[in-house]
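Read off the chains here:
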Amino acid sequence: MRKKVVIIGGGVGGTIAANLLSRRLDGRADITVVDRQGKHFYEPGLIFAMLGGVDPAKLWRPERTLLRKGVKLELNEALRVDTEAKVVHMEHGPARPYDYLVLAPGARLDPSAVPGFEGNAHHFYNGPAALALRTAIENFEGGTVLLGPASIPYKCPPAPIEATLLLDAYFKKHKTKRPVKFRYLSPLGRAFTIESVSPVVEKLFVERGVELSTFFNVDSIDGERKVVNSLEGEEAPYDLLILAPPHRGAKIAEDSGLGGPGGWIPTDRATLRVKGHRDVFAIGDATDLPLSKAGSTAHFEAPVVADQIAAEILGRPPKMLYNGHVMCFFETGFGKGMVLDFDYDHAPKVKRPTRLAHWEKLAFNRMYWATIPTARL
Amino acid sequence: MAATEVTPLPTRVVDARGSFCPGPLMALIGAIREAKVGDVLEVWSSDQGSRRDIPFWVNKAGHELVALADEAGYTRFVILKKR
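Chains as they are written, first to last, in the working numbering: chain A, 1 to 377; chain B, 1 to 83.
For reference, chain B alone in the conformation it holds in the complex (with noise of 0.2 Å):
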């Protein structure tokens, strides 16, 4: 999956970069918990971790990523929540 122009923009951008894990995924589902449904989160990490553990939990809790791109130093996902 890559960026294209369809990314949808974020409703807010969770910065979890030089945060280990687990903190980017909690720092994502800290950002669902306080989202509405339709809202479009942006989350930032620099932790190799993110990369399985993100997408994985977004497809368990029923939210869709929309987008992951790889950016110098870090990785950035886009997730929409669905529920």
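In isolation and in its complexed conformation, chain A is listed as follows (with noise of 0.2 Å):
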């Protein structure tokens, strides 16, 4: 018999590995990658959405375009996973049985999880919200442009401090009538979760005038008197409020049982496999490992995966094992950023920006389709 994969999730990490998965069994296995819409978004675009540079719009291609002709495309809900019989219901039609899964369903954006986000507080995690912030933007008057995340973990963690610095250099271009003010609320003692990389972000801060708040959780925000009120019981308040949503782990990982807290999945740092169940994985957002929630980790967590699935199907040990590998750009305006390059060992050493780390994102914007999802780097 056929061994059947099933991949939850058309993102970077499912489409990586099913890609791999077709690639290595050729023909032996059949793979199917699930997915709600059937397309692929380039996320890490429309932070510069938010400054009229990209046209949301054009940030996603149709998935069938990704995925080797060897792998199906069903286009439905994954509602929910059953481990003891091992399928996969659907919205619509059939449940799919499943030898081996893959959960590459992303994290959830939950604003209500802080009262008075919505309505309240701009963000840039999806092309309405960034196309909103970008009026915003483009009709303010002035004052503190108030930033930081509204809770930990949410994707991309230098996000919220790359808007802060990508707007500083924007209102030193473009004049308001008053003077613009930037403020950044940070939940941790520092401003920065990873902590090698706070004291150069801190650096940046100051030369740049940009306040910092450290030990500032975000519990709610008053609309009216444009406040954010803090859990440590402090006010904050603001003219223009740019906030990373607060994230939770995917809705299909809780409705099955296999979210542990924040609905994150506890997953096996190093095999990726879901833990209590041999034959289930996970790849990116959605688990609980403790590294950057971003396309990067899910690039380079999908070979593993499709190494430990094929490996088995082929009666061949695997050869590859998950050490954490993160590599992430930092934009910081005016041209320069930075490059993150860690794992669970080696904490990402950086000194300044750099042009060279800027052009590079810039290079990268461009390759991403013709060589990330195919698995070509």
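These are computed hints drawn from the structure, not numbers from a lab.
Just so we're clear, the structure is a prediction, and the values are computed from it rather than from any experiment.
One or more of the hints may lead you astray.
[Unchecked claim] Computed far set for chain A versus chain B, every beta-carbon distance over 12 Å:
no.	residue
1	Arg108
2	Asp219
3	Glu232
4	Pro237
5	Arg366
[Unchecked claim] Pulled a few chain A residues facing chain B out of the computed Cβ check, cut under 7 Å:
no.	residue
6	Leu79
7	Gly189
8	Pro290
Note that beta-carbon positions come from the ideal geometry of N, C-alpha and C, so glycine has one too.
Since each chain sits alone in its own frame, please combine them into the complex, following the hints.
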């Protein structure tokens, strides 16, 4: 009997895993990607949409065009996994049986977790929100811009800091009626989640005149008074509020009893198998691994999952384990940026932003479609 | 500060051992969000940064660090939610 591999989610991780499995198994297994919309989004482009440089409508490609011919694509919403019966229940049609299941459904934005978030806080974590923020920026007359994450974890840890620095550069070019002041709220005792990079960010904040407030955990937003209240009992006033929204693990994980605290899937850090389920794997933002929730993480995890599954089907020992490798870009404005390269045991080392890293980021934005989902890189 | 016989029994134990900074602090903050005033939370952390971050945050947020005890390979923080 041909083995059935079902992959939930046609994002970075799911797509790369499907293509690598198809290449390695060459017709010896049925590989199916289940995706609700069949659209593959390049989410890192959204931050540039808030400044008008990128049209969110152009940040996606049809998933079918990114998958190898041998991979089936089912346009459906996967609702629930029954790990006993080894089937995935779908919104439409019959349940889909699997021998191996790969969960790559991503993270879920959960604005309702912070009272007052909706209607008062801007963000750039989807196309419509990025466009609404763009309008707010264009109409901004000055005052305090308040930024930060609403809670941890959230997708792309540098993003709120990048937004701060890019907007600072923007408002130094585009004059407003009143002066613009930036304040950054960090839930931790430092500016950035990764300790080794935080001093570089804090130095940039000092140079650019960004006020940093540490140990500020957003509790609620009062839209009438235009203040953010913290769990620590402080208030931060704003004229423009931009927060990474609260995130949760995927609904399918929680509805299937596979979600741990916050809905994140308890995942083995080396094999990427879901704990307690030998034939279920997890990739990307959905896991509970102590790593950045970023496309890069999924990009480096997918080959490990593909190797584990292909080796088992072919009756050979697996060759790869995941070492926590992540490589991500960190834009700092004025044509400069940084590259953060790290794994479980090695913290990223950066000294200062460079022009080279910014150009690498621009090149990556262009090369993404041709190289990443197709697993050429 | 040391664990004594008067340390109250915890309402909830948060085992954050093996997670790195900022893991244990964020696990505590998550638990505080869910707890009621008067609840006692116990956090276990093997991360050295927690010894600095957790007492500082507990004080700033207006709660009380009831006890801090060194165990084999980890530190145990007992926190009373006061507001």
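Each hint, compared with the structure:
1. With 12 Å as the threshold on Cβ separation, the claim that Arg108(A) sits away from chain B holds: the shortest Cβ distance comes to roughly 16 Å.
2. Not every Cβ of chain B is farther than 12 Å from the Cβ of Asp219(A); the closest lies at roughly 8 Å, contradicting the non-interface assignment.
3. With a least CB separation of 4 Å from chain B, Glu232(A) falls inside the 12 Å interface cut-off, contrary to its annotation.
4. In this structure Pro237(A) is separated from chain B by more than 12 Å, as the shortest Cβ-Cβ distance comes to about 19 Å.
5. For Arg366(A), the requirement that its beta carbon stay farther than 12 Å from each beta carbon of chain B is met, with the minimum near 34 Å.
6. Hint status for Leu79(A): violated, given a least beta-carbon distance of 27 Å to chain B, over 7 Å.
7. Below 7 Å, beta-carbon pairs count as interface contacts, and Gly189(A) has one with chain B at about 5 Å; its hint therefore holds.
8. Nearest Cβ of chain B to the Cβ of Pro290(A): about 6 Å, under the 7 Å cut. The hint holds.
Of the numbered hints listed earlier, those contradicted by the structure are 2, 3, 6.
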